[in-house]
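Dock chain B against the given chain A, drawing on the hints supplied.
Residue numbers (the numbering used here), protein chains in the order written: chain A, 1 to 446; chain B, 1 to 435.
For the record, the hints were derived by calculation from the structure and aren't laboratory data.
It is possible that part of the hints are untrue.
The following label-pair restraints were derived from C-beta to C-beta distances [as the list claims (entries may be wrong)]:
no. : chain 1 : residue 1 : chain 2 : residue 2 : range
1   : B       : 391       : A       : 64        : 49 to 57 Å
2   : B       : 3         : A       : 65        : 26 to 34 Å
3   : A       : 11        : B       : 379       : 20 to 28 Å
4   : A       : 65        : B       : 393       : 42 to 50 Å
All C-beta atoms in this analysis are idealised placements derived from N, C-alpha and C, irrespective of residue type, glycine included.
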Amino acid sequence: MKKHGREIFYYVNFGVFFGAVFILGLAFVFKPKEIVSTDEKRKLAAFPQWDLDSVAKGVYMKRVDEYIKDHFPFRDAFISHAFAMEELRGWKNEELIVFDAPVKPKKNIKKDKSNAAIGADTAMLVEEVIEDNRGLVISNGRAMQLFGGNNSRAKNYAAMVNTYYNALKDEGVNVFNVVVPSAAEFYLPQPKYKHLKEQEKRNISMIYENEAEGIKKVDAYSKIAAHKDEYVYFRTDHHWTGLGAYYAYTAFCETAGFDPVPLDKMVKKAQNKFFGSLYFYLNRNSTLAEHYDTVHYWKLPDNPACVVYRKDNMNKAIKSHVIVDAAGGYSVFLGADYPLIKMENGPKNGKSIVVIKNSYGNPFITYLVSHYEKVYSIDFRYYNGGIIDFIRENKVTDLLFINGSISANTPYTSSRIKHLMYSKNKPKTTKDKDTTASKTVKDTLK
Amino acid sequence: MLFSAFVDWINALIIEKYKGTQWAKWGLVSSAVVNLGLLAIFKYSGFIYENINAVFGLNLEVPEFSLPIGISFYSFHALSYTIDVYRGQVKAQKSYWNFLMCVSMYHQLVAGPIVRYAHIAHEIEHRKFNIADISAGINRFCIGLFKKVCIANVAGDLVTVFFGDTDPATKDILPADISQLTFAEGWYAILMYSIQIYFDFSGYSDMAIGLGRMYGFHYRENFIYPYISRSATEFWRRWHVSLGSFFRDYLYIPLGGNKYKPYRNLFIVWFLTGLWHGASWNFIIWGLYFGFLILIERLFLQKAFDAIPRIFSHIYLLLVAVLGWAIFYFEDSLARLGDLFRVIFGLSGNDFANDRFWQTLWANFYWMLLAFILCMPVYTFVMRKLKRYMVQTQYRTSIGTTVGVSILAFNLFLLYLATAMLVAGSYNPFIYYRF
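The shape of chain A in the complex, shown without the other chains (with noise of 0.2 Å):
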């Protein structure tokens, strides 16, 4: 090079240099911020408060950071790029497993609790530190999660059930327990997995044997099991599809002595194109990316209106209907995990029916409108009150649990349901701030 144009590309080298930096700065000041992040199902963090305490301690130029790095300009194509190039570092079987380390999950709590966490929030993470545990496995195009469950687990669940049976059995309330397999249960690569092989149907029978005789189980498990080879569970997503939450619906039908409604009687739709959480969990892994779901979803001609309540106000009631199409995705069915469903608008026959239930039970409960004049889906996770006062306010027949067999064998799910049996608190409204849910998740810590 000669002297004059090796002078040129030291200009143009600093001049690119600090350009590139410079303009990243502008856009991130001037670029909108969002404040959720849908892929990622958390809230980004906010802009910390400003107090002498926290920048003593750190916490406060920690929290800017962090702050910076979910506002960060571009942060979605720059984190879809970092991911391509980690796929790149060498080379990956079909077949995966994803070993948790044991961190995550915790950190993930101890942030929490420096902001100050929602309550339910908080009730999810500890759901989620002992469901993580044992890792998950992509083959074939699908990934699962590995179970955890083990008997005394299971046995925790079904004295939990027997409670709410006993204490209602004098008044003549039916109770129904429905415990759904994983799709880990019938899709793990075999003989790979033979040390785990009907692990989840022993778990299940595990929990039916340990129930009070007059308790009516549902076996939802052959009923899928016989279906296994049809798009009964995602790829993507942890959950089961429409499709495999209605053969649980006849096997409940079968126990409780209703005619199903035919597939064919409803109105078949899909949405196509549905990355679910694990597909995000696994750092939007190219695999899942190449097996992509589809929600097919059935809806009632009249698709029946409701109310629902959120969380963060529970004397409110919002109009919705049963079948949310607009929602997308997963949330396609009943919405999404609100707190507390009302869905009053079913056949005059004096029927009712409340459903304990988080996120898997949502598709299940969209065909229950056919037979109850009244449906109340309640979300133990959100809902706070007691659930026997709400069975004997509304003169409630029937009262049914559905729980993935994940989601059973998890300490959190058991007595977080006994502790609302009896709960006193009253509904949030937006004035009470959340208070009284974080209380009621250390208190069932304890």
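Chain B only, in chain A's frame:
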């Protein structure tokens, strides 16, 4: 830091004024007492108390201080200055602000290198703002950033897979059970840690040197491809040069060096080198481990290696260095270190390898090769060849342009990679909804 810089500045002036008298000596002593005293209070008081408690069965309350940023680096920096003034090797700085600036320069404050006043004294007063330096500084900074973010952090994540997390800030996190690791996992994890610590430390040094250069300061090299060394002695001439030379010039040689009680001197130097890295016994063991290696090399091993093919000495060094990092890693418990040694020497009875090992190995294989290559002086080699070629070729201009454009593109690419990976570090997905 303001205080310690002030004391050293005053002392240096006193030393210079009363050169050769008792006063100068007192100036030096007080400067040493203040610097090392502050270092001892902030960094080592907890450690000292814990050991006193352990030895005498007492239950004294362990004092807690938050460690001032970079105290290990700036204390040594300031101390080297007063010593050099005492020896008459540099002139005392008249301006407090100039001296404070020199001590507090942020480039090297956090993670080194330990800059000596003597090396930059000239530039403090006659600094030139020079576009060639800025450009070179930018190149160096981008490389350092890449080493830190794209190599060291990745290697760190891989270490975490096997060892769990021992980050002192999050101590309550479950560390993995080392005794359950397979043989291959144990070796792989310490190999990854060796990569992490080299690229982390040298990446920081590169960034510091690069930033310094943008401001017109030329710091000395701190890492000269240590993993290509052929003995522990050579390793320490290439690894963290500024620390090794500090201990050599200000401790080993004044103690008598090789001439007067060399074994005692070696022991003291390596004990303190270990201790400097952190207030914990494993660092001391690690320091003494290297002291011991250097000793036996001096006594007979070096001669033996000279007689056999070079490859053996390379293997020897890599092995002892990697094992050394294992000692360095387990700050929290020597029991876990024992577990690891049982695993990697095949005494644990665990399997040779498992799925987790193979999957991790293959999934990061190209990256690992890149890291290995970057441990060797490839860049220097290519640049030297290129320069030699440029002198004799007629296509000088076009090659020059190509090289220039490639460097530009390369810088941007490294910057972009590092940014993407840093931002992706905030990706924190949940299976269940959290809002």
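Going down the list of hints, with the structure as the test:
1. B:391 with A:64: 49 to 57 Å: Cβ of residue 391 of chain B to Cβ of residue 64 of chain A: about 51 Å, so the range 49 to 57 Å holds.
2. B:3 with A:65: 26 to 34 Å: Given about 29 Å between the Cβ atoms, the range holds.
3. A:11 with B:379: 20 to 28 Å: holds (24 Å)
4. A:65 with B:393: 42 to 50 Å: Taking Cβ atoms as reference, residue 65 of chain A and residue 393 of chain B lie about 49 Å apart, which means the hint holds.
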